[in-house]
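**Student:** Okay, here's what each chain looks like letter by letter:
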Amino acid sequence: MSDNDTKKPTGDAQPPPKGAPTDTPAAKIGSQPSNPPAGAKLDTPPAAHSAPTAPPPPPAAKPAGPPPPKNPGFVTCTIDGKEVVVKPGTNMIEAARMVGSDIPYFCYHPRLSIAANCRMCMVEASNAPKLVPGCQTPLVEGQVIKTTTPKVKEQQRAVMEFLLLNHPVDCSICDQAGECKLQDYYMRYDYRPSRLEGGKVMKNKRKVLGPRVVLDQERCIICSRCVRFMNEIPKEPQLGIFGRGSHEVIDTFPGSELNSNYSLNTVDICPVGALLSRDFRFRARSWFLSAAPSVCTGCSRGCNIYADFMAQDTYRYRPRENEAVNKSWMCDHGRATYKGLNTGRVLSAVVGRQQGTGTARPEVARKEAIQAAAKALSGVKGQVAVLASPVASNEDLLATLTFAKATLGAKEIYVGGRPQGEADHYLLTADRNPNRKGLELIAQGLGLALKPFEDLVKALDGGKVKALYAVGTEVPGNVETFAQAAAKLDVFVAQATNESPLTAQATVLLPASAHVEFDGSFVQVDGLIQRFRKAYPSKGDAVGHWALAAELSREMGGTAAWTSSREVFRELGKQVAAFAGFDWDKSAPPDREKPGINPLPTAADGRPPGYREFGAPRVRGI
Amino acid sequence: MADTHKPVSPPTPEAPNPDTDAYAHEAELEAHLQTKRMYVNMGPSHPATHGTVRLKVELEGENIAEIDCEIGFLHRGFQKSCENVTWTQCLPYTDRLNYVSAMMNNFGFLNAVEKLIGLEIPERAQYIRVIGSELHRIHDHLTCVGATGMELGGFAPFLFAVEARELIMDRVAELTGARLTTNFGRIGGMNRDLPEGWSEKVIKTLDKVMEHVNEIDGLLSRNRIFVDRTKDTGIITAADAIDYGWTGPCLRACGVDYDVRKVKPYWVYDRMEFDVPVGEKGDNYDRYLMRIEEMKQSDRIIRQALQQIPAGPIILDDWRIALPPKPEVYGTIEGVISHFKLVMEGVQVPAGEVYDCTEAANGELGWYMVSDGSGRPYKVHVRAPGYPILSAVPHIIKGKLLADLIPTFDTINMIGGEVEQ
Amino acid sequence: MSTFALDRVTAQFPEAVAERYLDRTGGAWAVIHAEHLPKVAAFLKNELDFKLFTSIDAVDRLHLAENDPRFEVVYFIYSLSRHEHVRFKVRVSEARPEIPSITPVFRGADWWERFVWDFYGIRFSGHPDLRRVLLYEEFQGHPLRKDYALRDRQPLIPERPIKDIFRGPGTSGVS
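Residue numbers (the numbering used here), protein chains in the order written: chain H, 1 to 622; chain X, 1001 to 1421; chain W, 2001 to 2175.
Don't read these hints as lab results, they were simulated from the structure. Heads up, some of the hints might be wrong.
[What the hints assert, rightly or not] Quick list of in silico lysine to any residue cross-link-like pairs, SDA-like style, CA-CA up to 20 angstroms:
id	chain 1	residue 1	chain 2	residue 2
1	H	K153	X	K1080
2	X	K1080	W	A2149
3	X	K1326	H	Y191
4	H	K181	X	T1332
5	H	K200	X	Q1348
6	H	K574	H	S564
7	X	K1115	W	H2083
8	W	K2146	X	Y1330
9	X	K1080	W	D2129
10	H	K488	H	S564
11	X	K1264	W	F2004
12	H	K339	H	R418
13	X	K1080	W	Q2154
[Stated by the list, open to error] Which residues of chain W face chain X? A partial, calculated answer using Cβ under 10 angstroms:
id	residue
14	T2025
15	D2118
16	R2132
C-beta: ideal position from N, C-alpha, C; glycine also.
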């Protein structure tokens, strides 16, 4: 019985065995048409559907033969009294959304195949005697759809009551509370007391599916979104539906686990609190989190994300929709990178090397450290090697490289950055740095030569380099070895976000902001420039790389007058030809998901998301 | 003070200043009677005024030549606070508007929100709101009348007023759980019913309170000193009062019959038999009399309401509006969802705007609200009745005696909490 | 709810009324062009007997779906003979937040206009004494604007000098 996994249509359409096509990521992007079946596939099956459903209109007192379409090439119909013109094959949910009618749904997902098993999206159609599922039914010419009739409302109530029948009383301990479709739809479509007498069906409350995902089978409403996702998007069919009736559960196949690099997307698309991230679980209530639109820095793909934060800590990344880059998905590798924003950060400036492990280093005010760095760098002008990390943003690189070129007299830049990894078959690229393209463009624009990191290692070993200015201390090679080499440097000014063996060897260590702490932009692997927004003020004493460069520059007699990353981009971005067509302000993602009603969780005391809590810093004296 | 307001006659530098210039001493020997304007700060903390307001008074002898009200000492950002919490969480903020009659603010706010949603609250809840409002109207007027008496030199009326207030506060505490900041009522009805035996207690309390009111009436209304200080002082004509936007007892003292309870009966005021006292002159004495008479009318209303109040639910049975009963919250998923959503995200008030008003102790308490469809107000404008009334004080008092300022300021019953939001 | 006053206003000054609508609770509204505001106010007061000045406030529509122009100043005036409110609004842009004052018509508008200036930074041209009313003069910004951060802080301001308060006119008192 438990092998009965093929009873769902999704189980039949087995994609090629997992991991079989190891295309390059770029090729994968190219082969996307097969991925969003919602749009592409609908063109054909709807035609098959419309054949049986189209005849009913003629009996409805219409002249013989289907009427000619009102808008040739499109389907014109009426939803809740409003006329809507859509492409043939568009389903009712999408069409209704265009005219502002919300059809509720659990199992439907625009990027997945249609299952039509939740029955929440049933609406009244003029050409059908019974309610029809809005997700599965394409629109037909002249059809009249009603989404708010008593019949539809009663259906929605019934579905909600049915789904809640065996749902555990878990909101108080459930991570999904606050972003749960059951909660939202209960308040909108049901709002009735329970009529259940007797107990609820008990299932496994903590079924560990894989290294990152845990399942609460009691909360599951068997919408099969996760199963379809694993089958269709990463094409790694690791989940299935087992059992039947009240014993129906989502599970992994015997002997295997949910270990795909895309497994956490199932947590996102789970409409209820059944699939949970083991990392995020029990760490924050979504009501208390605020979200800032940002970009993932885990690899050069540049997946669009929301960084969910509370106070000055990021709690998770969620994918943000972008048709050109990541659709609605992101990889587990990228999601885990938020941790570097919270822990192991360089929070204050340090002057002097660390003597052995465990010894305290003298922390100084940033101003003091800037003075020390300026003094040290002034002595070695022209002989300073510059190490730039492609983890830094365009604004950071523009400012620091301009400083390196104009004030330090550098002509070539050594490229640092995180070591290369392995690309996977979908989104993750081998280059684990978010802004290599940006670094290349900026170096080109400023007329600086880029040299590989190995050259710097050789130069250090050969004793040719005695002074180093590092923007970001991520290095592609072995950090320990490079740190030992760096220990021999006379001057090593490092601007770093995170501590590493290398930062311990800096003669002056300056704290730099991470990307969620200021507004900026990255250039992802395909050359798209993507803006990200500030979530919260920088931790500790940190400021952006660009601000450190400005401070250093002023200390050394330069004229860097930038006071914001925006100014940096507007002033210095002109030198980079690729940035010419990029409107820094207009390209910023909206800081609320929608204008007007903000669906994002509110803060603990009912206050709106945190970005409003930090105004322009105008504190003087208090 | 970076006021743009200029002194009426700035001392010219050439003119000798008898106080500072050495050569003026000679003139001083001749007992010069050079008139000189005197500047007096009344408040923000002054023994003869209640309410934290600074009156910058420019005196010519005993007469007030110029006066400027500086308000805002009690500004708490009421509107900004409301915009950032759920609709229900606004309720405690409304307590602190007119803190002498908190319930009337609560109910006025709720009435406007309910109008915005389009709710009809249960009948019993409407009666409770009327009873609570009228209790607090007596409470408010007692405060005003008592303080007026005290500031004009009569301490006994104040003690009677405070004792009566104390009795009302005890009843209010039994009803709401708090003496002053009641936070009573919820969107869609009330959060708790009348306690057992409370109605009988209220009747007895009212007997006692009215005894005290009559006592105060007897002590003040024909008291020579009191009448001399209040009669024909602080006069405002009906036309001026209307132009300034006066409402409530202060407007009625001018002879204008405008009471929201009669004109646009809300809740069950149309079932109550009561009279609206109207004055003649618009002086301090009339304003005082209005309050004495209104207390007697409120007493009538409460007695009628307690007699008529029907049994039944006190809050709507709609889990989108009202919190589910606790057993449902603890035991069923439906209840816990509703509870969580209502507490965390608030009652979802459909997008729209509304202006609604009720008759508070000092006049028309108006609310203009804008909702963007979420659980938090987009805008909550409160038209505190005291605000326009206070704004007319310079007009009333200019050219009059400084001593008239005290009764005038008393009888307009300025409440810092509502005026300064 | 009656639309009497707004009907009359529309008939009298068709050029002044930009828009008429009913809110969801049945309240009749008109959007008045700013330049015609004093005329409309005077007409309401003198011809239509809308004399009891109720209140003015503004709405910062920054986060609403429709937010251009950004501000709306709302007016409520009551008629004691007809027993109804008339409600109308004037839209003001962020770039030039200035509308004519109606204080010359209604003295009651004085403090309300000061309030709106204080909290929204909308100027009322022709107002006799447009100062802040609840906040202090040194306050920076206008706190009821939606882009004024909830927990924004104000700078400390130096104590104002107090001249000899007993001996004669100084900068204390009415200054």
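**Student:** Does each hint fit the structure? Answer for all of them.
**Tutor:** Cross-check of the supplied hints:
1. This hinted pair does not check out: K153 (chain H) and K1080 (chain X) have alpha carbons roughly 38 angstroms apart, beyond 20 angstroms.
2. At most 20 angstroms may separate the alpha-carbon atoms for a hinted pair to count; K1080 (chain X) and A2149 (chain W) meet this at roughly 10 angstroms.
3. Only pairs whose Cα atoms come within 20 angstroms are accepted, and K1326 (chain X) paired with Y191 (chain H) is accepted, the gap being roughly 16 angstroms.
4. For the suggested pair K181 (chain H) and T1332 (chain X), the alpha carbons sit about 17 angstroms apart, so the restraint of at most 20 angstroms is met.
5. Distance restraint check for K200 (chain H) and Q1348 (chain X): the Cα-Cα separation of roughly 30 angstroms exceeds the 20 angstroms cut-off, and the hinted pair is therefore not satisfied.
6. With a CA separation close to 16 angstroms, the supplied pair K574 (chain H) and S564 (chain H) stays within the 20 angstroms bound.
7. Restraint check: the Cα-Cα separation between K1115 (chain X) and H2083 (chain W) comes to about 19 angstroms, which is no more than 20 angstroms; the hinted pair holds.
8. A hinted pair counts as satisfied when its Cα atoms are at most 20 angstroms apart, and K2146 (chain W) with Y1330 (chain X) does not qualify at roughly 38 angstroms.
9. A C-alpha spacing of about 25 angstroms is found between K1080 (chain X) and D2129 (chain W), which places the hinted pair above 20 angstroms, so the restraint is violated.
10. The hinted pair formed by K488 (chain H) and S564 (chain H) fails the criterion: a straight-line CA distance of about 35 angstroms is larger than 20 angstroms.
11. The hinted pair formed by K1264 (chain X) and F2004 (chain W) meets the criterion: a straight-line CA distance of about 17 angstroms does not exceed 20 angstroms.
12. Only pairs whose Cα atoms come within 20 angstroms are accepted, and K339 (chain H) paired with R418 (chain H) is accepted, the gap being roughly 16 angstroms.
13. With a C-alpha separation of about 15 angstroms, the suggested pairing of K1080 (chain X) with Q2154 (chain W) holds against the 20 angstroms cut-off.
14. Hint on T2025 (chain W) holds. Least Cβ distance to chain X is approximately 5 angstroms, under the 10 angstroms limit.
15. Interface hint status for D2118 (chain W): upheld, as the beta-carbon distance to the closest one in chain X is roughly 9 angstroms, under 10 angstroms.
16. Restraint check, R2132 (chain W) versus chain X: the minimum CB separation of about 8 angstroms is within 10 angstroms; hint holds.
Against the hints set out earlier in the document, violations occur for numbers 1, 5, 8, 9 and 10.
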